[in-house]
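Protein sequences appear in the order of chains A and B.
What the first sequence shows, in my numbering, is residues 4 to 122, in sequence order.
What the second sequence shows, in my numbering, is residues 144 to 314, in sequence order.
A portion of the hints provided could be inaccurate.
[What the hints assert, rightly or not] Derived list of chain B stretches under chain A, where covered just means 3 residues or more per stretch with a C-beta under 8 Å from a C-beta of chain A:
no.: 1; region: 173-180
no.: 2; region: 206-218
no.: 3; region: 270-280
[Stated by the list, open to error] Here are a few chain A residues that face chain B, going by a calculated C-beta distance under 10 Å:
no.: 4; residue: A91
no.: 5; residue: I97
no.: 6; residue: W98
no.: 7; residue: R101
The hints are simulated quantities; they were obtained by calculation from the structure and are not laboratory data.
The structure presented is a predicted model; accordingly, all values stated were derived computationally and were not measured.
For each residue, glycine too, the CB sits at the ideal point set by N, CA and C.
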Amino acid sequence: MTATIDEDRLSETFAALANSTRRAILARLAEGGATVNELAEPFEMTLPAISKHIKVLERAGLVVRGQRAQYRPCALDPAPLEEVSTWAERYRPIWEARFDRMDDYLKQLRATTKGRQGR
Amino acid sequence: MTNNGSPDAVEIERIVDAPLTLVWQMWTDPEHFRAWYGPDGATIPVATMDVRVGGTRLVCMEVQTPNGPMRMWFTGEYREVIENERLVYTESMSDENGRVSSPSDMGMPAGHPMTTEVRVELRDIGGRTKMVLTHLGIPHDSPGAAGWAMALDKLTAYLAAYRDRRRLRRP
């Protein structure tokens with residue numbers, strides 16, 4: 004398996020996604036940009052707690068913040084999600100090869116069983 | 144691509160020329176499992192499987208390297224066991240005692256997620272078996288799974304739109 008993507012960043016993406024609050028934040032951002040206050044609304048959490056989650060998402064590159072000092076609205080950057088999808092696709096040839104071997108093995112089993120029955 | 148577009152999953156569908164019960168054994172009987180599971184050039188010297196919900200599994204994969212054989216261990220837990228129909232288990236890299244280790248400890252790419260989930264669904268189609276494998280980067284029945292599925296749907300739609308936009312921008 005050759006790594007063509009930044010592995011550290013990929014594991015950060017997975018770590019960022021492995022939390023239900025952060026996934027909810029991303030889902031909200033998929034509908035459009037929002038301020039931290041707006042993002043915090045549906046949660047029973049303090050603003051600092053929500054900010055912490057947003058920082059994790061920022062570090063993983065999934066969220067970008069606007070430069071306007073007052074609001075600094077958050078927006079979703081889906082590029083790291085594409086890398087996650089690349090991860091998944093690397094597994095495809097491995098599984099395909101395994102299933103080819105399963106086919107071969109089943110053929111062998113069938114041949115042995117037939118051989119035994121024929122005796 | 145049979146992937147349903149989910150950014151963290153690989154889905155493969157195969158028709159296996161064997162009866163349902165035998166294909167189920169391919170996954171749950173260590174002796175059968177060892178015969179096919181190792182990737183090319185790898186063998187499976189150890190496979191223990193306590194195939195019931197909450198039961199653990201431990202699989203050793205041995206790869207030949209120029210410096211001699213290298214062993215990698217994988218542990219996991221069975222989440223769903225419906226005989227001849229549906230098998231769901233998690234998978235993490237571990238040591239030989241099944242203690243979960245971080246991928247980088249094992250000299251594996253750091254990008255490999257800590258725990259992945261493997262789902263196998265089987266269906267009889269006239270003596271042969273339709274097998275659907277789904278390998279997920281994040282176990283979907285972890286806490287907040289419903290929220291995850293919803294979030295994932297939205298992200299998937301967003302990602303598709305993002306890809307379209309990028310394609311359009313190219314000359």
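If you check each hint against the structure, which ones fail? Going through the list in order, the structure violates hint 2 alone and respects the others.
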